Amino acid sequence: MKLTLRVWRQPAADTDGAMTTYEVDSVSPDMSFLEMLDTLNEELILRGEDPVAFDHDCREGICGACSLVINGDAHGPERTTSCQLHMRSFQDGDTIDVEPWRAAAFPVVKDLVVDRSAFDRIIQAGGYVSAPTGSAPEAHATPVPKADADFAFEHAECIGCGACVAACPNGSAMLFTSAKVNHLGVLPQGAPERETRVLDMVDQMDAEGFGGCTLTGECATACPKGIPLPSIAAMNKEWLRAARKSPR
Amino acid sequence: MALDTRTRRTPSKGTGAGQRPVRGGPRALWDSTIGKKAVMAVTGLIMLGYLVAHMMGNLKIFFGPGEFNGYGHWLRTMGAPVLHHEWGLWLVRIVLVVAVVGHAVAAYQLSRRDIRARPAKYAHTKRRTSYATRTMRWGGVILALFIVWHVLDLTTGHTHPGGFQEGHPYQNVVDTFSTWYGNVIYLVAVLAMGLHVRHGFWSAAQTLGVGNARRERVLKAGANGLALLLTAGFVSVPVAVMTGLVS
Amino acid sequence: MTSYASYTTGEPVADTKAPEGPVAERWDTRRFEAKLVNPANRRGHTVIVVGTGLAGGSAGATLAEQGYHVVQFCYQDSPRRAHSIAAQGGINAAKNYRNDGDSIHRLFYDTVKGGDFRARESNVHRLAQISVEIIDQCVAQGVPFAREYGGLLDTRSFGGVQVSRTFYARGQTGQQLLLGAYQALSRQIAAGNVELHARTEMLDLIVVDGKARGIVARDLVTGKIDTYYADAVVLASGGYGNVFYLSTNAMNSNATAVWRAHRRGAYFANPCFTQIHPTCIPRTGDHQSKLTLMSESLRNDGRIWVPKAHGDTRPPREIPEDERDYYLERIYPSFGNLVPRDIASRAAKNVCDEGRGVGPGGQGVYLDFADAIQRMGRAKVEEKYGNLFDMYARITAEDPYEVPMRIYPAVHYTMGGLWVDYDLSTTVPGLFAIGEANFSDHGANRLGASALMQGLADGYFVLPSTINDYLARNPHQDPVTDTHPAVQEVVAETEDRLNLLLAVDGDRTPDSFHRELGELMWEFCGMARTEEGLLKALGRIPGIRDEFWRRIKVPGTGEEFNQSLEKANRIVDYLELAELMCLDALHRAESCGGHFREESQTPDGEAARRDEEFSYAAAWEFTSPGEAPVLHKEDLVFEYVHPTQRSYA
Numbered sequence: 001m002k003l004t005l006r007v008w009r010q011p012a013a014d015t016d017g018a019m020t021t022y023e024v025d026s027v028s029p030d031m032s033f034l035e036m037l038d039t040l041n042e043e044l045i046l047r048g049e050d051p052v053a054f055d056h057d058c059r060e061g062i063c064g065a066c067s068l069v070i071n072g073d074a075h076g077p078e079r080t081t082s083c084q085l086h087m088r089s090f091q092d093g094d095t096i097d098v099e100p101w102r103a104a105a106f107p108v109v110k111d112l113v114v115d116r117s118a119f120d121r122i123i124q125a126g127g128y129v130s131a132p133t134g135s136a137p138e139a140h141a142t143p144v145p146k147a148d149a150d151f152a153f154e155h156a157e158c159i160g161c162g163a164c165v166a167a168c169p170n171g172s173a174m175l176f177t178s179a180k181v182n183h184l185g186v187l188p189q190g191a192p193e194r195e196t197r198v199l200d201m202v203d204q205m206d207a208e209g210f211g212g213c214t215l216t217g218e219c220a221t222a223c224p225k226g227i228p229l230p231s232i233a234a235m236n237k238e239w240l241r242a243a244r245k246s247p248r
Numbered sequence: 001m002a003l004d005t006r007t008r009r010t011p012s013k014g015t016g017a018g019q020r021p022v023r024g025g026p027r028a029l030w031d032s033t034i035g036k037k038a039v040m041a042v043t044g045l046i047m048l049g050y051l052v053a054h055m056m057g058n059l060k061i062f063f064g065p066g067e068f069n070g071y072g073h074w075l076r077t078m079g080a081p082v083l084h085h086e087w088g089l090w091l092v093r094i095v096l097v098v099a100v101v102g103h104a105v106a107a108y109q110l111s112r113r114d115i116r117a118r119p120a121k122y123a124h125t126k127r128r129t130s131y132a133t134r135t136m137r138w139g140g141v142i143l144a145l146f147i148v149w150h151v152l153d154l155t156t157g158h159t160h161p162g163g164f165q166e167g168h169p170y171q172n173v174v175d176t177f178s179t180w181y182g183n184v185i186y187l188v189a190v191l192a193m194g195l196h197v198r199h200g201f202w203s204a205a206q207t208l209g210v211g212n213a214r215r216e217r218v219l220k221a222g223a224n225g226l227a228l229l230l231t232a233g234f235v236s237v238p239v240a241v242m243t244g245l246v247s
Numbered sequence: 001m002t003s004y005a006s007y008t009t010g011e012p013v014a015d016t017k018a019p020e021g022p023v024a025e026r027w028d029t030r031r032f033e034a035k036l037v038n039p040a041n042r043r044g045h046t047v048i049v050v051g052t053g054l055a056g057g058s059a060g061a062t063l064a065e066q067g068y069h070v071v072q073f074c075y076q077d078s079p080r081r082a083h084s085i086a087a088q089g090g091i092n093a094a095k096n097y098r099n100d101g102d103s104i105h106r107l108f109y110d111t112v113k114g115g116d117f118r119a120r121e122s123n124v125h126r127l128a129q130i131s132v133e134i135i136d137q138c139v140a141q142g143v144p145f146a147r148e149y150g151g152l153l154d155t156r157s158f159g160g161v162q163v164s165r166t167f168y169a170r171g172q173t174g175q176q177l178l179l180g181a182y183q184a185l186s187r188q189i190a191a192g193n194v195e196l197h198a199r200t201e202m203l204d205l206i207v208v209d210g211k212a213r214g215i216v217a218r219d220l221v222t223g224k225i226d227t228y229y230a231d232a233v234v235l236a237s238g239g240y241g242n243v244f245y246l247s248t249n250a251m252n253s254n255a256t257a258v259w260r261a262h263r264r265g266a267y268f269a270n271p272c273f274t275q276i277h278p279t280c281i282p283r284t285g286d287h288q289s290k291l292t293l294m295s296e297s298l299r300n301d302g303r304i305w306v307p308k309a310h311g312d313t314r315p316p317r318e319i320p321e322d323e324r325d326y327y328l329e330r331i332y333p334s335f336g337n338l339v340p341r342d343i344a345s346r347a348a349k350n351v352c353d354e355g356r357g358v359g360p361g362g363q364g365v366y367l368d369f370a371d372a373i374q375r376m377g378r379a380k381v382e383e384k385y386g387n388l389f390d391m392y393a394r395i396t397a398e399d400p401y402e403v404p405m406r407i408y409p410a411v412h413y414t415m416g417g418l419w420v421d422y423d424l425s426t427t428v429p430g431l432f433a434i435g436e437a438n439f440s441d442h443g444a445n446r447l448g449a450s451a452l453m454q455g456l457a458d459g460y461f462v463l464p465s466t467i468n469d470y471l472a473r474n475p476h477q478d479p480v481t482d483t484h485p486a487v488q489e490v491v492a493e494t495e496d497r498l499n500l501l502l503a504v505d506g507d508r509t510p511d512s513f514h515r516e517l518g519e520l521m522w523e524f525c526g527m528a529r530t531e532e533g534l535l536k537a538l539g540r541i542p543g544i545r546d547e548f549w550r551r552i553k554v555p556g557t558g559e560e561f562n563q564s565l566e567k568a569n570r571i572v573d574y575l576e577l578a579e580l581m582c583l584d585a586l587h588r589a590e591s592c593g594g595h596f597r598e599e600s601q602t603p604d605g606e607a608a609r610r611d612e613e614f615s616y617a618a619a620w621e622f623t624s625p626g627e628a629p630v631l632h633k634e635d636l637v638f639e640y641v642h643p644t645q646r647s648y649a
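Chains as they are written, first to last, in our numbering: chain A, 1 to 248; chain B, 1 to 247; chain C, 1 to 649.
For the record, the hints were derived by calculation from the structure and aren't laboratory data. Incorrect hints may appear among the rest.
Result set (EDC-like, lysine to aspartate or glutamate): computed pairs, CA atoms no more than 16 Å apart in a straight line [to be verified]:
1) Lys126(B) - Asp16(A)
2) Lys17(C) - Glu634(C)
3) Lys567(C) - Asp16(A)
4) Lys121(B) - Glu49(A)
5) Lys146(A) - Glu383(C)
6) Lys121(B) - Glu42(A)
7) Lys553(C) - Asp16(A)
8) Lys146(A) - Glu634(C)
9) Lys553(C) - Asp97(A)
10) Lys146(A) - Asp154(C)
11) Lys380(C) - Glu318(C)
12) Lys567(C) - Glu42(A)
Beta-carbon label-pair distances, calculated as ranges [claimed, not checked]:
13) Glu78(A) - Lys380(C): 44 to 52 Å
14) Pro119(B) - Pro192(A): 56 to 64 Å
15) Glu23(A) - Gln363(C): 52 to 60 Å
16) Pro192(A) - Glu489(C): 31 to 39 Å
17) His140(A) - Ser647(C): 55 to 63 Å
18) Pro192(A) - Asp219(C): 48 to 56 Å
19) Ser178(B) - Ser89(A): 55 to 63 Å
20) Lys2(A) - Ala649(C): 33 to 41 Å
21) Val141(B) - Asp226(C): 36 to 44 Å
22) Asp100(C) - Pro119(B): 36 to 44 Å
23) Glu398(C) - Val141(B): 26 to 34 Å
Treat the numbers as computed from the prediction; the structure is a model and nothing was measured. C-beta atoms are modelled at their ideal positions from N, C-alpha and C, and glycine is treated no differently.
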């Protein structure tokens, strides 16, 4: 396959960027999208040009590092991560636009690399159960109904890639935040901190400059792990419950 | 061993525009994006309830001037004899004004925030840009302008075509819908209202946490039904005037 | 023979920290004998932790909970992305919830046996003991393990064992455990007890007066090289499987931290013990950048086969039952498809070498779920393995519900690592190594679902107890500053190395060298090794290294975000480590676990151990670049599990 790539190039955080066009030849349909970028980078290095910077690590769709907006879609046309997208999803001769996540809370570091530390700070604000090592009771002391365990797991699957923010026209992190709130909130282990968790995490989310939710559903469409849109409604309920209950 | 292990909340290192809100009171509710959305949901539902009542009142026009004008008169004596003349009506008006203002201010602030949160656009734009967000934002603006005109037209009579007659709403309505622009403004606004209700009702349910995966379909159907019913009900009046059914 | 291969043997190395006495009491004894640090004094101690995977994340969180000031590093943009996240199958624990005869002693036994008697008994027993607490701890953190309808935890069985002791969270156990540790760490970051440096990579170790006192690290965004000081340094930087270029490791997983520590005096033990995982997706072409693992749990229900006939290219479904060779079930009737990884991998290599492999290039075997789907129904298979099937379908564009999967072995885990004693201390005082970065618990082969167990055991429970002893014995160390000659030397070396990489300006990319080295290692130091091949590899590595320093091309500068520079610098270390791996493989003229020397096999082709000569851990001491290292042997004594020929037939 022969492809034309239009890639966002931005040398550093504080410089301007632009879409730059590259031609890539001999692309195999079995290549992953990132392997296709690898071949481009190999060429660029040999030509003495700066290779395209992009975040990636496990290339198995689980670490959440890769973060490309491909033809306007976060992670591209398939419901998966950029690293698990394969070139067979494209046609010979296609022109493909590759851009970084766009959101005020995710400033560009270089080219296609953005700073997602805002997500870490949301987790730091309360996305945990306070259970210092050694304090745990026997694992079977508290049975958890299978339905609750499955619900928790479904939300715990979030890989923190940020596609939800990238896809949202408001740059909102509601889906990410709600995934953690729901994961921990439904479990008996997470119950004692339910109220403070959701209030603190939402406060931090707002403080990071993410937008609000207008329920466009773009986040859930882009989510490679299928975190469902009703997750947001569940967090709203949790937040209102906490706001009523706890003297803020 | 539990030395100093308790979490102390450190001040936010957030780079964002927002400030971490003060804890306590309704202020906190207003400061949070979710709280502000909740305000919009509640005020929206209040206005929705009002729209349903308003629409049903409008339909009385099909039973003749007596019935319709009588209804208009009752609005002023609502709650009598406990309430003085028009007190009930003013109560409703106050609640409505608070709802409209709260809804609009929250919407404005949230929109500002949303736009700030996404300063750079994608070079590759998709056609399916957010339908919902756009209809809500522009629809909201249209509705706000319409309400002003609507009040000036049929409540105070300032912009009413022909002679505005206090206490004769039947004739006033017929006058308004006898002008082309009256019909156009009204129909556009009703259409915007329908779309607004369609997304807004479902959205309010999500914001208030009523929505879940199972109820999803019921809520969407409910929103569509409600929007359709309201649109049809409101549209029927100008159509009836235009077709001469009401004159 | 090259000069590198003519190593010398030095004094034996011994683990002086494990107490005497019954193995089941040693951990208690050690914890009692170890000195403690007064809780009020802990704040004054800084501990550096490199890496935020299961071992590093859990250690950082736990040390901070205890009151230490932790300074932690990860090269990723967030601690949540460490490669532990990709572990699929599960975590072992001797809970015996199934009442199927499991016990701490059985887990201990299975692990020593599974490791082909090349692990230290006291460490393994401690691991089995702690396994029970790990599950409790993770459940308390909200890790959503799979549960039964009664609300209790579900378990499954895993390769190499006959009890059901593996706890799991669908095919994402590593993810869920890592997020648990990450969340615990996040809590400590918010509390100000952990100072986290993300996108910061350790490039060297600072040793002052014989003690580890800090690290040199590069901020990957600005390129700034900084020094960080501490009272102790903990390496939790993972394994070195990426020496092979193609492996299941993350693209940026690397050996720099452990190799630099080795160069500064830490012994490197059993570097040739690498695990080749039997169930990975075969490569599709030269563009392949990494290999993807399919969880071993698939072997619980999938059946592995190849055609009986050589070069049979019919589609799998058209090959009748009696023309298929379910070779694992045939050769190992009692364990069947559940034999340990090393055995399953080698069997796959053997049938492919015979010319019966399937798929492009004949480098693959079938993993067939037709029987399982018939037996349990598609829905049940989907529930158990759905995400793995999806992943397979996405990568290969084949539907594993209809067509059998194709799998082939790939480098997955490295049992070798920095030599540590019972306290997880390396031979450099104050330098500890935990998780995959050390060599301690898995011997020559790791059992499935034991890596997560070891990482968390080290991080949550072992290190936080044993590091106290070191800090209590070294309460008031002199502060180190940038002006100290030892520091200046390390910083200068680091800067020179990076500058040289940038200055060569040759005509070959970093990846091209990495690929060349990886192919060499896979061929000669992979699944089957021979003296001849290893000597050939040892002869060629110095040449690649020379060429690297003549022809490497790294664009850009050191003062910016430069992924090519990061890559090239990691390859520098692979080029040295690879040599040590080959030497270790050469010197160990026996087969054991993941290390298979063709010269040492039984008549039916199984690995033949030679306990009289090789019942030791090989701890290598660095001398100088390219020069022969010194071998220190740690004799392995088996008091409880007596070495036998492993039999899974």
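Do the hints match the structure? See the list:
no., hint, in the structure
1, Lys126(B) - Asp16(A), "23 Å, violated"
2, Lys17(C) - Glu634(C), "13 Å, holds"
3, Lys567(C) - Asp16(A), "26 Å, violated"
4, Lys121(B) - Glu49(A), "27 Å, violated"
5, Lys146(A) - Glu383(C), "14 Å, holds"
6, Lys121(B) - Glu42(A), "29 Å, violated"
7, Lys553(C) - Asp16(A), "27 Å, violated"
8, Lys146(A) - Glu634(C), "48 Å, violated"
9, Lys553(C) - Asp97(A), "28 Å, violated"
10, Lys146(A) - Asp154(C), "10 Å, holds"
11, Lys380(C) - Glu318(C), "25 Å, violated"
12, Lys567(C) - Glu42(A), "13 Å, holds"
13, Glu78(A) - Lys380(C): 44 to 52 Å, "26 Å, violated"
14, Pro119(B) - Pro192(A): 56 to 64 Å, "39 Å, violated"
15, Glu23(A) - Gln363(C): 52 to 60 Å, "32 Å, violated"
16, Pro192(A) - Glu489(C): 31 to 39 Å, "52 Å, violated"
17, His140(A) - Ser647(C): 55 to 63 Å, "35 Å, violated"
18, Pro192(A) - Asp219(C): 48 to 56 Å, "38 Å, violated"
19, Ser178(B) - Ser89(A): 55 to 63 Å, "59 Å, holds"
20, Lys2(A) - Ala649(C): 33 to 41 Å, "54 Å, violated"
21, Val141(B) - Asp226(C): 36 to 44 Å, "53 Å, violated"
22, Asp100(C) - Pro119(B): 36 to 44 Å, "59 Å, violated"
23, Glu398(C) - Val141(B): 26 to 34 Å, "53 Å, violated"
In summary, the structure is inconsistent with hints 1, 3, 4, 6, 7, 8, 9, 11, 13, 14, 15, 16, 17, 18, 20, 21, 22, 23 from the numbered list given earlier, while agreeing with the others.
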